[in-house]
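Engineer: So the chains spell out like this:
2 protein chains.
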Amino acid sequence: MYETNETHDRGLTSWVESANDSQTDFPIQNLPFCRFRTLISGLGIGVGIGDQILDVSLCVKEGLLRTSIDHAVIHGNMNALMEISVTERAELRASISRLLSENNTALRDNPMARQRALLAQDSVEFVLPCTVGDYTDFYASVFHATNIGSMFRPDNPLLPNYKYIPIGYHGRGSSLIVSGHDVRRPVGQLPPAQDGGAPGFGPCKLLDYELEVGMYVGRGNRLGEPIPINEAEDHLFGLCLVNDWSARDLQRWEYQPLGPFLAKSFATTLSPWIVTMEALAPFRCPAFQRPSSDPQPLPYLLCDNTTHSGGVDLNLEVLLQSAKMKETGEGPIKMSSSNLRDLYWTPAQMLTHHSSNGCNMSAGDLFASGTVSGPTRSARGCLMELTWDGELDNPVPGTERTPIQLPTGEQRKFLADGDEVIFRGACSADGFRTIGFGECRGAVVPALEPAHQTT
Amino acid sequence: MYETNETHDRGLTSWVESANDSQTDFPIQNLPFCRFRTLISGLGIGVGIGDQILDVSLCVKEGLLRTSIDHAVIHGNMNALMEISVTERAELRASISRLLSENNTALRDNPMARQRALLAQDSVEFVLPCTVGDYTDFYASVFHATNIGSMFRPDNPLLPNYKYIPIGYHGRGSSLIVSGHDVRRPVGQLPPAQDGGAPGFGPCKLLDYELEVGMYVGRGNRLGEPIPINEAEDHLFGLCLVNDWSARDLQRWEYQPLGPFLAKSFATTLSPWIVTMEALAPFRCPAFQRPSSDPQPLPYLLCDNTTHSGGVDLNLEVLLQSAKMKETGEGPIKMSSSNLRDLYWTPAQMLTHHSSNGCNMSAGDLFASGTVSGPTRSARGCLMELTWDGELDNPVPGTERTPIQLPTGEQRKFLADGDEVIFRGACSADGFRTIGFGECRGAVVPALEPAHQTT
Chain C
1 MYETNETHDR GLTSWVESAN DSQTDFPIQN LPFCRFRTLI SGLGIGVGIG DQILDVSLCV
61 KEGLLRTSID HAVIHGNMNA LMEISVTERA ELRASISRLL SENNTALRDN PMARQRALLA
121 QDSVEFVLPC TVGDYTDFYA SVFHATNIGS MFRPDNPLLP NYKYIPIGYH GRGSSLIVSG
181 HDVRRPVGQL PPAQDGGAPG FGPCKLLDYE LEVGMYVGRG NRLGEPIPIN EAEDHLFGLC
241 LVNDWSARDL QRWEYQPLGP FLAKSFATTL SPWIVTMEAL APFRCPAFQR PSSDPQPLPY
301 LLCDNTTHSG GVDLNLEVLL QSAKMKETGE GPIKMSSSNL RDLYWTPAQM LTHHSSNGCN
361 MSAGDLFASG TVSGPTRSAR GCLMELTWDG ELDNPVPGTE RTPIQLPTGE QRKFLADGDE
421 VIFRGACSAD GFRTIGFGEC RGAVVPALEP AHQTT
Chain Y
1 MYETNETHDR GLTSWVESAN DSQTDFPIQN LPFCRFRTLI SGLGIGVGIG DQILDVSLCV
61 KEGLLRTSID HAVIHGNMNA LMEISVTERA ELRASISRLL SENNTALRDN PMARQRALLA
121 QDSVEFVLPC TVGDYTDFYA SVFHATNIGS MFRPDNPLLP NYKYIPIGYH GRGSSLIVSG
181 HDVRRPVGQL PPAQDGGAPG FGPCKLLDYE LEVGMYVGRG NRLGEPIPIN EAEDHLFGLC
241 LVNDWSARDL QRWEYQPLGP FLAKSFATTL SPWIVTMEAL APFRCPAFQR PSSDPQPLPY
301 LLCDNTTHSG GVDLNLEVLL QSAKMKETGE GPIKMSSSNL RDLYWTPAQM LTHHSSNGCN
361 MSAGDLFASG TVSGPTRSAR GCLMELTWDG ELDNPVPGTE RTPIQLPTGE QRKFLADGDE
421 VIFRGACSAD GFRTIGFGEC RGAVVPALEP AHQTT
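Protein sequence lines correspond, in order, to chains C and Y.
When we follow the numbering used here, the leftmost residue of the first sequence carries the number 1, and every step to the right adds one.
When we follow the numbering used here, the leftmost residue of the second sequence carries the number 1, and every step to the right adds one.
This is chain C alone, in the form it adopts within the complex:
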């Protein structure tokens, strides 16, 4: 478990003035990693500071920062950086913090170097922060699982394994994309109009977002060697925001017996920033308080650390802006807000469970949390929950089905072409600067014309 230290000091300010703005996601207490590309410098590893990026690759090249893997860092190899020891990570964080501190002159008073090493965030192309070898999607919100379960299986919403197993499945790595890229509405098999009938084939009609948080693995484990729960936190590198775009009609028809497949693999959007476990130290919180009627986790998923501070107090929100809203100058509206602390399982429990059969993790592997929903209606993390099964043909008796009203007079049950979905996240705690996650953003573009579909 990471401890709070001087890098979190509320009084710490930076010579990068925008970092001292009370509204920034990226004060000097945050220092999230990203990767970017510029025409001049090519692929680089950076750290967010105010509205700027500190080019860490360049700083290492010029001797302003040092690591045990300088060559890899200079060449933008984030995975190598994710694999260094927890001790070395803390040292790197401390040295970046010093380099950017108000009183440090090394860069501050060297205009030439400073100009090269600081890049405006709006001047670069962000790329995926690392190579994700394997991507796993969990299902760790009991509120989400109960809501979705009652729509897909009204008689059996929460399966008997849910309270014992951090349920997850392998996701598709190749279609992970970084925030800001459009998402094409997928085409696929649509459920038959009646039982026993033939499915349709065409553009997804029930396109949804899912508000999730991603956890990046730092140092991995060898095949056959499980990660004990007390060591799990040492293998976590940091968190990001994830939009697990979901084609609900494809999903409903395809998902049995082997789980979601094409309903998810057309695109998954990641925020460009990795907020490190070190930065999150002040915002750790107890694991979810299980109702007394629920079973305790099995011993391999229990530990003192996770009992007291296994969760993360991370506020999340979803915003939506339709094409018409953009045209008429209406800003995005808030769809919901929820908090990562409401997950039934902690990141450490997910990681330990995942490796309990000996499965090997590598630096850069990504776990998504599953949709982060809370106990209230305003904390539902996807449209399917918010509009309670939206346009599907078989509503659950007795449940309301409330379309979302947009300020333009438009209604939404699921996403329309042109809709842009924006996730934000921030951690706040008494006595600490608020740290943000930046944005995870994507707009829906129309499906391919039939001539370019696979027909």
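Worth double-checking, as some hints may not be accurate.
[Claimed, not checked] In silico DSSO-like cross-links for lysine-lysine, where the CA-CA straight-line distance does not exceed 30 Å:
no., chain 1, residue 1, chain 2, residue 2
1, Y, Lys205, C, Lys163
2, C, Lys205, Y, Lys163
3, C, Lys334, C, Lys205
4, Y, Lys205, Y, Lys61
5, Y, Lys334, Y, Lys324
These aren't lab readings, by the way, just hints derived from the structure by calculation.
On a predicted model such as this, the values are computed, not experimentally measured, just so you know.
Fit chain Y to the given chain C structure using the hints.
Structural biologist: Structure of chain Y alone, referenced to chain C:
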């Protein structure tokens, strides 16, 4: 679709004498790719010929073979080789075939070069033939799906989507291992003794193999751009054997609602060889003959090519040798044999379906077929089918449950520690040399002691 040409000529012989042996898997008509490592030359790309490997990386380095990606080939980058055009692949195959032909003197009559370029297969360490970016496991045998379905869901064995969708799920890439490595029995949550009870936690009791065939992707597609069925074959590089080791007790407890996870991700064994689509040309066969009561595939999965030659006539067999059989000198016994042509879906249909939502494939991605079972008892590709639910607590009424008898007097319902499982595959057709797939082999070693489990 690949055409048969002079590289398949039955009369073609090689100056590598072992390639002319009628029993070899690797006559000059085969030329499967592999990757290997030696102390001297490091990582290399090779081609199997008789009991030898032609070091393709070295031949390119020394100018005996030429490609458009010489640098990548020299450095053992198989993925780059998999991405070249179908035309260039055919040219490379033809030039390798010429280099190894009886009458070609370039290597044959140069003892120094020949000694460096030919390595005995039993002298090298095989490694995974490429970097598998994403691994997908299908469920394409209707016989397997019906058998397993009737055990997991007796009232509903074959779900309504099966005959429309090539059902598949994302698998775990990190735990793919190459033939010859031991497989540790996984530990995990075991189903509760009675409904509503707590699960156990310990070594898997119902460990199984699954006989599968893997399909490697050659050139990929861009995100959002589906691969039409008529072009799908151009994106296939070749086939291998796959053992999708399965922990049936873990699987039964964890798999709903999101599919298999830890029951599979502890290890998946691949044969070292990729038998190319070019080599398989003489052994293509019509797609599965659906019963007239079955629906036709939707238009996006139908094409003239696949109607006439979408399948592959590939004979497969499973052998097993227990530790006691090894001690007493008993050779492996045959458990079952089946044929890839019995799959309900063709490789092209699986690929086109997988990309139909715009999901992007990359060179080196791997699709496994799912267990290849046939219509008869002797063609069941896993123990769970052969022993009909083996030791599970709830036998299907009216079904036989027949343990396997080993020549040592031992019985098997599922795998015991020390058991070695061996898959073999071969294609035969009138007028052609038989080509083989080599072996996919792995032995089960005991689970970690409890102190080293994640408890």
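Engineer: It remains to establish, for every hint, whether it holds in the given structure.
Structural biologist: So, going through the hints one by one against the coordinates:
1. Our distance criterion of 30 Å between C-alpha atoms is met by Lys205 (chain Y) and Lys163 (chain C), whose separation comes to about 23 Å.
2. Between the alpha carbons of Lys205 (chain C) and Lys163 (chain Y) the distance comes to roughly 23 Å, so the proposed pair stays at or under 30 Å and holds.
3. With a C-alpha separation of about 23 Å, the suggested pairing of Lys334 (chain C) with Lys205 (chain C) holds against the 30 Å cut-off.
4. A C-alpha spacing of about 50 Å is found between Lys205 (chain Y) and Lys61 (chain Y), which places the hinted pair above 30 Å, so the restraint is violated.
5. Under the criterion of a C-alpha separation no larger than 30 Å, the hint pairing Lys334 (chain Y) with Lys324 (chain Y) is consistent with the structure, at around 16 Å.
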